[in-house]
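Colleague: Okay, here's what each chain looks like letter by letter:
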Amino acid sequence: DQQVKQNSPSLSVQEGRISILNCDYTNSMFDYFLWYKKYPAEGPTFLISISSIKDKNEDGRFTVFLNKSAKHLSLHIVPSQPGDSAVYFCAASRINNYQLIWGAGTKLIIKP
Amino acid sequence: DTGVSQDPRHKITKRGQNVTFRCDPISEHNRLYWYRQTLGQGPEFLTYFQNEAQLEKSRLLSDRFSAERPKGSFSTLEIQRTEQGDSAMYLCASSLDGDQNIQYFGAGTRLSVL
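Top to bottom, those sequences are chains U and F.
The first sequence begins at 1 in the numbering used here and counts up one residue at a time.
The second sequence begins at 113 in the numbering used here and counts up one residue at a time.
What the hints contain is simulated information worked out from the structure, not anything from laboratory work.
Predicted, not measured: the structure shown is a model, and the values here were computed from it.
Possibly wrong hints are sitting among the right ones.
To be verified - Computed cross-link-like contacts, DSSO-like style, restricted to lysine-lysine with a CA-CA straight-line distance of at most 30 Å:
no.: 1; chain 1: U; residue 1: LYS56; chain 2: U; residue 2: LYS107
no.: 2; chain 1: U; residue 1: LYS71; chain 2: U; residue 2: LYS54
no.: 3; chain 1: U; residue 1: LYS68; chain 2: F; residue 2: LYS126
no.: 4; chain 1: U; residue 1: LYS107; chain 2: U; residue 2: LYS54
no.: 5; chain 1: F; residue 1: LYS169; chain 2: F; residue 2: LYS123
no.: 6; chain 1: F; residue 1: LYS169; chain 2: U; residue 2: LYS5
no.: 7; chain 1: U; residue 1: LYS111; chain 2: U; residue 2: LYS5
no.: 8; chain 1: U; residue 1: LYS68; chain 2: U; residue 2: LYS5
no.: 9; chain 1: U; residue 1: LYS68; chain 2: U; residue 2: LYS107
no.: 10; chain 1: F; residue 1: LYS169; chain 2: U; residue 2: LYS71
no.: 11; chain 1: U; residue 1: LYS107; chain 2: F; residue 2: LYS123
no.: 12; chain 1: F; residue 1: LYS183; chain 2: F; residue 2: LYS169
Said to hold, decoys possible - A short list of chain U residues far from chain F (calculated; beta carbon distances all over 10 Å):
no.: 13; residue: ASN7
no.: 14; residue: VAL13
no.: 15; residue: GLY16
no.: 16; residue: ILE20
no.: 17; residue: THR26
no.: 18; residue: ASN27
no.: 19; residue: MET29
no.: 20; residue: GLU42
no.: 21; residue: ASP59
Claimed, not checked - Quick look at which bits of chain F chain U covers, simulated, 3 or more residues with Cβ under 8 Å:
no.: 22; stretch: 156-162
no.: 23; stretch: 215-223
Where a beta carbon is used, it is the ideal one built from N, C-alpha and C, also for glycine.
Only chain U is shown next, with the shape it has when bound in the complex (with noise of 0.2 Å):
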């Protein structure tokens, strides 16, 4: 039962450009979602995150947008830079509850 999806394994972006990476989620009781960044031979790295009562946050080129109805959040990169290439995951957590969910993850790919 996959709770967080990532759909697109991969993705490939000039750089320049603007990125985009989605995640839909199934379980309405999330109410804190995260983005996180991984390098080969690295542990993921937290990027950005937003609480339920947001629909935007934003943090230097890096936007994160959440749209509750469609159970589905976006992260946007603008402009995208080489050292952006990396796996991608979106996470999720419920109320009063630790543990976090996970997608599978994207691979972004910043061409130059």
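Assemble chain F onto chain U, guided by the hints.
Modeller: Structure of chain F alone, referenced to chain U:
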């Protein structure tokens, strides 16, 4: 380096052997988590400690798995009688009360069971 550290980074063992992994969290973090990740998948929650108390265990954590955090600092994850299906990356994370649920991860221990 004040991040989460895990030891060893790689472990190769024969089926049936016992293995133990160690995790040192960020020093002021009171919460510690273990996850398992297989190729092409996101991490899967195994267990969670608040200080020294193990508060939650996944059904993935069979009787062969045990985790401890004896003094509320470092943690160990032991797998007894390893099976080939145990081959995976074992990730440790830590977090701080009041920091929402942002978890900081170590680089993981890659286990290969032959």
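Colleague: Confirm or reject the statement that ILE20 (chain U) sits farther than 10 Å, beta carbon to beta carbon, from all of chain F.
Modeller: Fine: 19 Å to the nearest Cβ keeps ILE20 (chain U) off the interface.
Colleague: Please check whether the beta-carbon of THR26 (chain U) is more than 10 Å away from every beta-carbon in chain F.
Modeller: holds (15 Å)
Colleague: Quick one, are LYS68 (chain U) and LYS126 (chain F) close enough, alpha carbons at most 30 Å?
Modeller: Distance of about 47 Å is beyond 30 Å: violated.
Colleague: Is the nearest CB of chain F more than 10 Å from the CB of GLU42 (chain U)?
Modeller: Given a closest Cβ separation of 5 Å, the condition is violated.
Colleague: Would you say ASP59 (chain U) is clear of chain F, with no C-beta pair closer than or equal to 10 Å?
Modeller: holds (12 Å)
Colleague: Tell me if the straight-line CA distance from LYS68 (chain U) to LYS5 (chain U) falls inside 30 Å.
Modeller: It holds: about 15 Å lies between the C-alpha atoms, which stays within 30 Å.
Colleague: Checking one constraint from the list: CA of LYS107 (chain U) to CA of LYS54 (chain U), max 30 Å. Satisfied?
Modeller: Status holds; Cα separation ~26 Å.
Colleague: Given the proposed pairing of LYS56 (chain U) with LYS107 (chain U), does the C-alpha separation stay at or below 30 Å?
Modeller: holds (23 Å)
Colleague: Hey, is ASN27 (chain U) genuinely clear of chain F, shortest beta carbon separation above 10 Å?
Modeller: Correct as stated: the minimum Cβ-Cβ distance to chain F is 14 Å, above 10 Å.
Colleague: Report holds or violated for chain U covering the stretch 156-162 of chain F, Cβ cut-off 8 Å, minimum 3 residues.
Modeller: That given contact holds, which follows from 3 residues of the stretch 156-162 of chain F lying within Cβ reach (below 8 Å) of chain U.
Colleague: Is the hinted pair LYS71 (chain U) and LYS54 (chain U) satisfied, with a Cα-Cα distance of at most 30 Å?
Modeller: Within the cut-off at roughly 13 Å; holds.
Colleague: Does LYS107 (chain U) pair with LYS123 (chain F) here, judged by a C-alpha cut-off of 30 Å?
Modeller: holds (26 Å)
Of the numbered hints listed earlier, those contradicted by the structure are 3, 20.
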